[in-house]
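Chains S and B are the protein sequences, given in the same order.
To convert, take the position in the first sequence, counting from 1, and add 43; that gives our numbering.
To convert, take the position in the second sequence, counting from 1, and add 710; that gives our numbering.
No lab work stands behind these hints, which were simulated from the structure alone.
Computed footprint of chain B on chain S; a stretch qualifies when at least three of its residues, placed anywhere within it, have a C-beta under 8 Å from a C-beta of chain B:
| # | region |
| --- | --- |
| 1 | 87-96 |
| 2 | 149-156 |
Below, a list of computed lysine-lysine pairs in the BS3-like style, where the Cα atoms sit at most 25 Å apart:
| # | chain 1 | residue 1 | chain 2 | residue 2 |
| --- | --- | --- | --- | --- |
| 3 | B | K721 | S | K150 |
| 4 | B | K767 | S | K46 |
| 5 | S | K81 | B | K721 |
| 6 | B | K767 | B | K788 |
All residues carry an ideal CB built from backbone N, CA and C; glycine is no exception.
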Amino acid sequence: AQKVTQAQTEISVVEKEDVTLDCVYETRDTTYYLFWYKQPPSGELVFLIRRNSFDEQNEISGRYSWNFQKSTSSFNFTITASQVVDSAVYFCALSDISGNTPLVFGKGTRLSVIA
Amino acid sequence: GAGVSQSPRYKVAKRGQDVALRCDPISGHVSLFWYQQALGQGPEFLTYFQNEAQLDKSGLPSDRFFAERPEGSVSTLKIQRTQQEDSAVYLCASSLAGTSGGVQETQYFGPGTRLLVL
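All chains should be built: construct the whole structure from the sequences, respecting the hints.
Now the structure itself:
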């Protein structure tokens, strides 16, 4: 069975600090996809990144970066120079690679960025 | 372009009432998913459509839950005889691809319907 663990329930940082959100996953599949979504107070899940297990290169997009380590089954997300607008709940998710299949989500990490 | 839309955004129901939640996916998206998100939890899968075919309903918690997508676009999630434990946010997501073949397309989510059963 697939499982995603986000051990950090809530994190508070002061604006401009860097923050890393942890994600650890379990799967028996050798190939799979990993995702991060952002859920602001409005409630809509906003897609941030999709990564397949073939590609272990780290990725950077502006202030966001992702560190995928297959050896430790982790897919961590770092926000550099955090801003108040980054305040949201962030979800890590996992799916298999066999086609359109449901996402398995972690419980999310609530990030509060204080001005 | 327009994203996934859901209506109503909020619904208050008395225990025992039936409710219907609507999802309008992104135009042209073949796949449609329903998820249930309890307070403080991540979304959990309910059911999946490819066009009008319901291919997976393994996540529906009871036979009081029913979903349909008769013309392969708009979908409705119906909950009969609502119970307090049905209170949650119901999220709809759509994705472009419809066929299997080793590609997991990104799912784009709507704003959800927050259901409160009193």
